[in-house]
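Peer 1: Taken in sequence, the protein lines are chains A and B.
In the working numbering, each residue's number is its place in the first sequence (first place is 1) plus 956.
In the working numbering, each residue's number is its place in the second sequence (first place is 1) plus 54.
Treat each hint with caution, since some may be false.
[As the list claims (entries may be wrong)] To be clear about the criterion: a stretch of chain B counts as covered by chain A if any three or more of its residues have a C-beta under 8 Å from a C-beta of chain A, and this derived list gives those stretches:
| # | stretch |
| --- | --- |
| 1 | 145 to 155 |
| 2 | 449 to 463 |
[Said to hold, decoys possible] SDA-like, lysine to any residue: derived pairs with alpha carbons at most 25 Å apart:
| # | chain 1 | residue 1 | chain 2 | residue 2 |
| --- | --- | --- | --- | --- |
| 3 | B | Lys482 | A | Thr1094 |
| 4 | B | Lys482 | A | Leu1061 |
| 5 | A | Lys959 | B | Asp404 |
| 6 | B | Lys482 | A | Ala1030 |
| 7 | B | Lys482 | A | Ile1019 |
| 8 | A | Lys1071 | B | Leu444 |
| 9 | A | Lys959 | B | Leu523 |
| 10 | B | Lys482 | A | Leu1083 |
| 11 | B | Lys482 | B | Lys297 |
| 12 | A | Lys1071 | B | Lys297 |
| 13 | A | Lys1071 | B | Glu278 |
| 14 | B | Lys482 | A | Phe1104 |
| 15 | B | Lys482 | A | Ala1068 |
| 16 | A | Lys1071 | B | Asn276 |
| 17 | B | Lys482 | A | Val967 |
| 18 | B | Lys482 | A | Ala1023 |
| 19 | B | Lys482 | A | Val988 |
| 20 | A | Lys1071 | B | Pro111 |
| 21 | B | Lys482 | B | Asn276 |
| 22 | A | Lys1071 | B | Ile529 |
| 23 | B | Lys482 | A | Ser1078 |
| 24 | B | Lys482 | A | Val1021 |
| 25 | A | Lys1071 | B | Ser481 |
| 26 | B | Lys297 | B | Val240 |
| 27 | A | Lys1071 | B | Val475 |
| 28 | B | Lys482 | A | Glu987 |
| 29 | B | Lys482 | A | Tyr1036 |
[To be verified] Ranges of calculated distance between the beta carbons of each label pair, as one might list FRET restraints:
| # | chain 1 | residue 1 | chain 2 | residue 2 | range |
| --- | --- | --- | --- | --- | --- |
| 30 | B | Leu525 | A | Leu1092 | 19 to 29 Å |
| 31 | B | Thr296 | A | Phe1084 | 17 to 27 Å |
| 32 | A | Leu970 | B | Ala536 | 25 to 35 Å |
| 33 | A | Cys974 | B | Ala344 | 49 to 59 Å |
In short, the hints are calculated from the structure, not lab data.
Backbone N, C-alpha and C define an ideal beta-carbon position, used for all residues, glycine too.
Here is what each chain is made of, one letter per residue.
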Amino acid sequence: MLKIRNGRDFVGGLTMICVALLFIWFGRDLEVGNSFQMGPGYFPTMLSLVLIAIGVLIIVQSITVHAEEGEPEAWNWRGYFLVIVGPVFFGLALSGLGLAPTIFLLVVGVAAASKHANWRHSILLALFLSVCSVFLFTRLLSLPISAFGPWLPFFGDL
Amino acid sequence: MDIFSNLLLGASTAFLPMNLFYGFVGCLLGTAIGVLPGLGPTATIAMLLPITFGLPPESALIMLAGIFYGAQYGGSTTAILINLPGESSSVVTAIDGYQMARNGRAGAALATAALGSFFAGTVATILLALAAPPLAAVALNFGPAEYFSLMVLGLVASVALASGSLLKAMAMIVFGLILGTVGTDVESGTPRYVFDIPELYDGLNFVAVSMGIFGLCEILRNLEHERKRSVGIKKVSGLMLTKDEFKRVRGPVLRGTALGSFLGVLPGGGAMLASFAAYAMEKRLSPNRAQFGKGAIEGVAAPESANNAGAQTSFIPMLTLGIPGNPVMALMVGAMILQGITPGPNVISDEPALFWGMIVSMWSGNLMLVILNLPLIGLWVRMLTVPYHLLFPAIIGFCCIGAYSINNSVFDVFMMAGFSVVGFALSKLRFEPAPLLLGFVLGSMLEENLRRAMLISQGDPMIFLRSPLSLSLLIFALIVLALVLSPSISRKREEAFTE
């Protein structure tokens, strides 16, 4: 029975193999060609094969070599969720709400990811940052985003 | 002498008020992020790439460069004052620097760090000016086979000098290379891995990827271990070194500069490796080695000089050959491409004002940094009291705006979020993201050169071995690989990285 000595690396190697297989699968229609006339599929497929080999080696290593003692993992699921969804929200809301409200909501939302956050700080920071970013990006750097977008009926024409 | 006229051209570019201003901004920002733990030059430069789009190329690169070597200065401040290195390259400085602070010699430590860094920066700038033209001239004779082998050497060396598992670093490089193939294949016009998404026809957006993997992912990791930063700093007084101290630092500064300059040029080398190596070397050579760890001033002088020298000489391969040796250089390559400049040996002849302007700006930047770091030290100390929970939302906000602003496309923001997940998953599996970025940047160049070489040789892979230059580069890569795999060296690596 194979004893996996380093679980994390085992998963890591497996992940690499899966990634490589994904690239091979999605690139299966690309013409590989030969080494003289390399088609579009040559380089990615070759690299994916190399990645599979490396993945296998990592798995072999995970079976033979003990994992080092590390710090216990800390997980901050609320933090991850907010920080990942934050930019997604930004992307979705930007054209509708405009820069100022989007930044405001983004900052308030994302700040809640921290243990040390408190509402007053976050709201002040969000106000400060939305004013700064509108000033910096739309006035100074002439980014083509409006400060307030069409979803806000009153401000939309500012 | 030709070099004088080049330096004059550089000075005329670097001393333009606008470039001085942007250089100053870069150095200021660099020091600031160097001081703040949790924010490094890689993430900052990635965040600022979109802004540089609107600037003329010289100003953009001068500013970004200033951020990079400025961070080396700033990182030492917190390392010395509160034993919290702001930068990975300042970790070693904290060992003796903090002890010196506890012994009441904080001012001397800070002064040594700043002045040693300035000396190293000056020397490195001169080296850059002297070495670059001949290197570029040699590189102009490079054919695709030589380029391919050089890039292979660069990738192998960066794996070798990276911390952590070699296999995993190699996996990251290959992964990065594959990611670089996403988009329309230049040769055949065929879309690869595009899934009919129009924004992907030009490939994955480099800035979005790097902001996701470095900036956002870093925040995700930092949010796991939040600590209240306790800042108990006594007032720093007395920035002067005693005569004895001055004599003691002369050797370490010189040696650190030399070692740092050498290690910085190597691909994968750079500031952090230089500082570690210089500390280890100085410890072995110094007559005062018993004091190391308890506040030996040599333990501050050597690594600080080395990290600055290393940071600046790492520009050499990037500016002359177009090959980035570390993630920051990869970002600089990205910045140049954004500006429409193809990095490579022709930069020095096509854009001499840019090239020499950058070199001279490094020297003026170092001067600005000494001024910023010594008299203004109180300012930085006060900055340390900014809590992280106020900082990171601002970073996320800027990242979002930045990602959007490159192509006015929301898709890039989504891509950044996506890559933050990728980067996070990778870091949980203990894969380092830096080699991925290197592979990503080099991917298309590697493929192009491989293709051309194969075309020239009509499919014969022996072409890489027939050219003497290419052969020696590949042999060198093999030697590096063998050295790293050999048990004695790997033990030394372990030691160096556990310290």
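Peer 1: Could you run down the list of hints and mark each one as holding or not?
Peer 2: So, going through the hints one by one against the coordinates:
1. For a cut-off of 8 Å, the count of residues in the stretch 145 to 155 of chain B with a CB near a CB of chain A stands at 0, and the three-residue condition is violated.
2. For a cut-off of 8 Å, the count of residues in the stretch 449 to 463 of chain B with a CB near a CB of chain A stands at 10, and the three-residue condition holds.
3. Using a Cα cut-off of 25 Å, the hinted pair Lys482(B) and Thr1094(A) is violated, with the two alpha carbons roughly 38 Å apart.
4. Straight-line distance between C-alpha atoms of Lys482(B) and Leu1061(A) comes to about 29 Å, which puts the hinted pair past the 25 Å bound.
5. Between Lys959(A) and Asp404(B), the direct Cα distance comes to roughly 59 Å. Violation of the 25 Å bound is thereby established for this hinted pair.
6. Taking the CA atoms of Lys482(B) and Ala1030(A), the gap is about 10 Å. The hint holds against a cut of 25 Å.
7. For the hint pairing Lys482(B) with Ile1019(A), the CA-to-CA distance comes to about 19 Å; that is within 25 Å, so the pair holds.
8. Between Lys1071(A) and Leu444(B), the direct Cα distance comes to roughly 12 Å. Compliance with the 25 Å bound is thereby established for this hinted pair.
9. For the hint linking Lys959(A) to Leu523(B), the alpha-carbon distance of about 46 Å lies beyond 25 Å, and the restraint is violated.
10. Between Lys482(B) and Leu1083(A) the CA atoms are separated by roughly 34 Å; this puts the pair beyond 25 Å, and the hint is violated.
11. For the suggested pair Lys482(B) and Lys297(B), the alpha carbons sit about 50 Å apart, so the restraint of at most 25 Å is broken.
12. Distance hint between Lys1071(A) and Lys297(B) is unfulfilled; the C-alpha atoms sit about 49 Å from each other, more than 25 Å.
13. The straight-line distance between the Cα atoms of Lys1071(A) and Glu278(B) is roughly 10 Å, inside the 25 Å bound, and the hint therefore holds.
14. For the given pair, Lys482(B) sits about 39 Å from Phe1104(A) by alpha-carbon distance, which is inconsistent with the 25 Å threshold.
15. Restraint check for Lys482(B) and Ala1068(A): the C-alpha separation of about 23 Å stays at or below 25 Å, so the hint holds.
16. For the given pair, Lys1071(A) sits about 11 Å from Asn276(B) by alpha-carbon distance, which is consistent with the 25 Å threshold.
17. Distance hint between Lys482(B) and Val967(A) is fulfilled; the C-alpha atoms sit about 11 Å from each other, no more than 25 Å.
18. For the hint linking Lys482(B) to Ala1023(A), the alpha-carbon distance of about 14 Å falls within 25 Å, and the restraint holds.
19. A distance of roughly 34 Å separates the Cα atoms of Lys482(B) and Val988(A); the hinted pair therefore is violated under the 25 Å criterion.
20. Between the alpha carbons of Lys1071(A) and Pro111(B) the distance comes to roughly 41 Å, so the proposed pair goes past 25 Å and is violated.
21. Only pairs whose Cα atoms come within 25 Å are accepted, and Lys482(B) paired with Asn276(B) is accepted, the gap being roughly 13 Å.
22. Under the criterion of a C-alpha separation no larger than 25 Å, the hint pairing Lys1071(A) with Ile529(B) is inconsistent with the structure, at around 52 Å.
23. Taking the CA atoms of Lys482(B) and Ser1078(A), the gap is near 29 Å; set against the 25 Å cutoff, the hint is violated.
24. Restraint check for Lys482(B) and Val1021(A): the C-alpha separation of about 19 Å stays at or below 25 Å, so the hint holds.
25. Between Lys1071(A) and Ser481(B) the CA atoms are separated by roughly 22 Å; this keeps the pair inside 25 Å, and the hint holds.
26. About 63 Å separates the Cα atoms of Lys297(B) and Val240(B), which puts this hinted pair outside 25 Å; it is violated.
27. In summary, the hint linking Lys1071(A) to Val475(B) is supported, as the alpha carbons are separated by about 21 Å, within the 25 Å threshold.
28. With a C-alpha separation of about 35 Å, the suggested pairing of Lys482(B) with Glu987(A) is violated against the 25 Å cut-off.
29. For the suggested pair Lys482(B) and Tyr1036(A), the alpha carbons sit about 13 Å apart, so the restraint of at most 25 Å is met.
30. About 52 Å separates the C-beta atoms of Leu525(B) and Leu1092(A), a value inconsistent with the hinted range of 19 to 29 Å.
31. About 45 Å separates the C-beta atoms of Thr296(B) and Phe1084(A), a value inconsistent with the hinted range of 17 to 27 Å.
32. At roughly 28 Å, the beta-carbon separation of Leu970(A) and Ala536(B) lies within the given 25 to 35 Å, and the hint holds.
33. Under the hint 49 to 59 Å, the C-beta atoms of Cys974(A) and Ala344(B), about 53 Å apart, fit the expected range.
Violated hints, in rising order: 1, 3, 4, 5, 9, 10, 11, 12, 14, 19, 20, 22, 23, 26, 28, 30, 31; the structure is consistent with all others.
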